[in-house]
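Asks: Please model the complete structure; the sequences and the hints are all you need to start from.
Spelled out from the first residue to the last, the chains are:
Number of protein chains: 2
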Amino acid sequence: MHKSRLFAVVAILTSGGIAVRATASDLPRPKENWKDMGVVETSASPHARLHAVPVRAVRMRDGFWLPRMEAARLRGIPRLLGLLEEHGVADNFRRISGRKQCERRGPYFTDSDLYKWMEAAAFVLQWKDDPAVREMLDKVIDEVVAIQNPDGYLNTYFVDERKDKRFSNLAAEHELYCAGHLFQAAVAHYRATGHSRLLGAALKYADYLTTVFGPGRIEQADGHPEVEMALVELYRTTGRKEYLDLAGFFLDLYRFAARTQIEGHAVRAAYLCCGGADYYMETGKQPYWEAADRMWQDMTGRKLYITGGIGATSHGEAFGAPFDLPNATSYAETCAGIASGMWNWRMLAATGQARFADEMERVLYNGFLSGVSLEGSEYFYVNPLESAGGHKRRPWYDCTCCPPNVLRMLASLPGYIYSTSREGLWVHLYDNNELTWRLEDGRGVRVVQETKYPWEGGVTLTIQPDSAAEFSVFVRIPGWCVEPKLRVNGQDIESPVTPGTYCHVRRSWTPGDRLELDLPMPVVVQTADPRVRANLGRVAITRGPLVYCFESVDNPGVNVLAAAVPVDAKGEVESRTAYRADLLGGVTVVSVEAVASDYEKTSGGLYRPTRAGGMPKVRRVHLHAIPYYAWCNRGDSQMVVWVPFMPKD
Amino acid sequence: MHKSRLFAVVAILTSGGIAVRATASDLPRPKENWKDMGVVETSASPHARLHAVPVRAVRMRDGFWLPRMEAARLRGIPRLLGLLEEHGVADNFRRISGRKQCERRGPYFTDSDLYKWMEAAAFVLQWKDDPAVREMLDKVIDEVVAIQNPDGYLNTYFVDERKDKRFSNLAAEHELYCAGHLFQAAVAHYRATGHSRLLGAALKYADYLTTVFGPGRIEQADGHPEVEMALVELYRTTGRKEYLDLAGFFLDLYRFAARTQIEGHAVRAAYLCCGGADYYMETGKQPYWEAADRMWQDMTGRKLYITGGIGATSHGEAFGAPFDLPNATSYAETCAGIASGMWNWRMLAATGQARFADEMERVLYNGFLSGVSLEGSEYFYVNPLESAGGHKRRPWYDCTCCPPNVLRMLASLPGYIYSTSREGLWVHLYDNNELTWRLEDGRGVRVVQETKYPWEGGVTLTIQPDSAAEFSVFVRIPGWCVEPKLRVNGQDIESPVTPGTYCHVRRSWTPGDRLELDLPMPVVVQTADPRVRANLGRVAITRGPLVYCFESVDNPGVNVLAAAVPVDAKGEVESRTAYRADLLGGVTVVSVEAVASDYEKTSGGLYRPTRAGGMPKVRRVHLHAIPYYAWCNRGDSQMVVWVPFMPKD
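Chains as they are written, first to last, in the working numbering: chain L, 1 to 649; chain C, 1 to 649.
There may be inaccurate statements among the hints.
Pairs involving identical chains hold if they fit within one copy or between any two copies, as the list cannot separate such chains.
[Stated by the list, open to error] Derived SDA-like pairs: lysine to any residue, alpha-carbon spacing no greater than 25 Å straight-line:
{"#": "1", "residue 1": "Lys570", "residue 2": "Gly613"}
{"#": "2", "residue 1": "Lys648", "residue 2": "Asp568"}
{"#": "3", "residue 1": "Lys617", "residue 2": "Asp324"}
{"#": "4", "residue 1": "Lys100", "residue 2": "His315"}
{"#": "5", "residue 1": "Lys204", "residue 2": "Arg94"}
Bear in mind the hints are in silico, worked out from the structure with no lab data behind them. Remember, it's a predicted structure, so these values are computed and weren't measured experimentally.
Replies: Structure representation (structure tokens):
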């Protein structure tokens, strides 16, 4: 039944245009305007202003992100699967299918870790036909679908002696959260391959959920939101309104539309907002949008690290009080940064407003990317903005939610660069790549993007429509830049080029037209709202989209935690920049004039009168800063983002 | 039986000398060298270098402490008893004696809150024959002794349905902790009045404990140390070695003598060390002393706030990691400060070493005294060193351990000023008072102390021995002072006058001899060991024994949390001082040159480029500082102890 319905849906949706490449030949090819992002629908979302471009429509070229995506593909994906095997996460499935005799291992929600790995692998297959990844993924799918109950239920925890406990402890035991990740993996796999095996299992499970949950049935939502966005995604994939309605039912149980502040567990809160934004894009119900926007305002105005990290406190992995953003003890879980990125992407799709793209970029280049080592298979769970040492990325955590989440974000990254709307094409992020896609009127278009971003702010976009035609290109002008310039074929454009907006370039485009964007990247000194007590009297250094940090390994002989930066009355520091190809995979180093304080380490007691030698010796130095995302890749070190400043006469 | 044994003991100990005034006539007068401190024995402790002076031997005159003691007597004592009644703590006793039908209320350990109140009231009666206090205390004693079990057991929680649970959950339920506070209250009451009613009940309970606990009986200690020092005190009071042995038994269960670091719950750890030090002073067993000293070194070298507060973290109300001493989130429970004071007093008694007196003074004037309002009946539970507002003293807490603990410390304060040793007299603390006591050779001595301490460092001690005689006076030279001077009858003394020592003045004293101490009190700038990350790049201001803080109410228009202090290469700040009789009960205000940063409060977003107006405007101001203990007495305010410094050219 599921297979036949699925095929029918595909048949309905199939239409002309550029065919999406499918590796499968045994299935109808997916319709081209199906979503490849696993995140937000494009043409099928009637209340979204923007529509996503499939991951496979964007070919990344060597630049900033491709080496990281390749690290994920070549090292992250296989190494994490090995660890999921080693820790029994895959065996939990074999145990039920009878393929292996063993105890269940890992947290009750660890199925979701495997599902996120599957989604990551499926995204890889959308941009790289990697036989090794395909083989790994096929084997895992085989293990997963083998344990589906005849009624559709699929979970390794609520079996045997816990069989009767299904949906009995939703508040704590993440049952629907696991289901949501299964659904997302299934959609990503179907889009990658055209195969319906995993998607069929997901739909069977989702159908079961619609018979179990709802008014007059179980009227309870999961303690960990996630299934809502997955259900909307299944709705987008199949057109089955029951899934959308179930998502709305859960959102109402969370009283989503009545919420005014973002609070509690950061990943849960942001996933919930993803679901709310998704639901809005399909239904157009304004209260859901307004709640999402209110919470976004609360987050970005009062509860956000400059790195884009969210969830300040380890107590409940939660948002802290407004403006309570400690640096050394910041939690800023990697998963929460990812959740924020996903949420901002949805808000951007709904509106086309640049404020959401700015926040998405902030977290991608800083608080998300810090979550993974340069080598690609070690991860931070928490992302502090200051460390006295002892912090370390690890390949595995007992609660190993972050590692596969990092992989799926990296693997899906090509999908975040462009969108389409009725007016034309949108460019959100800058990196070397080539888009081969179509506008919403069906016209084919290629875009070649060339840049040294984020190290330099020059970007060239070569626009290749199938034939000359009038349409719009919306070019994102990041909120962080000053005096940006945009030219078409060497001519300054007439529209204003305003930071924090999309520059709307409407013209008749001829194949080979060149858009040249210039985003000057001076070293910028940032202060925080004074209600952020942790940053009072402190400044942070940014350049372009990157937050910088001072790491002890770059500053031998200086206590980076005790250094201060003189800032003149214009708010400027004395600085210089240098690109270093040999350092940390290639980074621009920012060096600033600073004052180092040399304390006597071990003498003088815990408290020392300055008069009696307790005063640290002060000397001028140049402090070297690296991008925050790259810290902690060279052994144990001390690190600080927010450094004290002193007025410079 | 108890009464007769008690009388026998009293008879044995009674000897000549100055009689301690007792209000009771129905009992033999207590022997004069019995301890009045409820803290450490004097002549009876063979391994103590110093011996305490009874509380009643010191008559406080108007100065720094007397108004606070009077506030405790006149407002703190009656108001807290009212709240203990209101919250059912006294009713818990009436419920068992059948005098009232009601439910038990409050935490399982709340008996101890009443016992601490009783001890405080008893200490008041040692220096002030206050009929109202006597009447309140007599009534409470009547309620308490009425519920003693025939076997001696006395507790309001382990009755009725929990009757069989006696001593079954020592780790969590504070049963012996309550017993310890009962014993201390009983000793204090006996010393105040000569009445044995409460002491008799305590001894009966203690005798019962000796039959229940011990090798081959229950071999478990309480989760909250306390009873150990109380048992030693009962031993000192009665000479019954069983009590001392039981204290040693418990100490060994805690592996006290093997401990190397101070850790865990701060009050428990410090009370345990009190017990260990007490046990050492009676037994001379060196490992107990060495453990206490090791833990003291750990505390003062790595885990102590400049205010004397201990227990940095709210997690378990515990000591944090070494050097982890956050300011805004410091816990520094008032009870922990008191426990540290009590522990330092014991270490001082054991050795006569000034380092312990320095720490006792530090906590008394700062981290302890901040625990109570100037008005005398509102209390801090936690004592942060920085606050963005919202902190408030309260008359009551659901766990109301701190309020009665503050009262008993204030009420017992006269006992901490002097000691005796075989050589003569010791002076530890400075305030206006009159001592009428005797040296250990039995010679009567009066000392009149006159000073404006802690506002000025001049102290005059007029020594009045019964007749001219050679003996020593040990004058404490605080560790914080610079270039102190000490004169006898106008002549500089020959011995060195070294900060952080006792100056040993041995001579033949004639009635009317005057010791004049001069302790210069410049404004001192302090830095912390650089391993205290919270204080890197920051300084604190102290003067004399007082830690100062900048409170917003004294600095209108300045964000005190964003101000910085220029410090020159010599470690000096520009400052002036002024005594203000009208302010906060009379304080010396310290004003320092500083740089205020005026941030735009509400505009500009959470993060702001300094170039675009995000740079705070900087201006020179004079910041006014008040003693830390006095903060938060004028409504809600912001406060900071450790302020950023900047090098001054």
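Asks: Against each hint, give a clear statement of whether it holds in the structure.
Replies: Cross-check of the supplied hints:
no. : hint              : in the structure
1   : Lys570 <-> Gly613 : between (35 Å within a copy, 8 Å between copies)
2   : Lys648 <-> Asp568 : both (5 Å within a copy, 15 Å between copies)
3   : Lys617 <-> Asp324 : between (32 Å within a copy, 23 Å between copies)
4   : Lys100 <-> His315 : neither (38 Å within a copy, 43 Å between copies)
5   : Lys204 <-> Arg94  : within (20 Å within a copy, 66 Å between copies)
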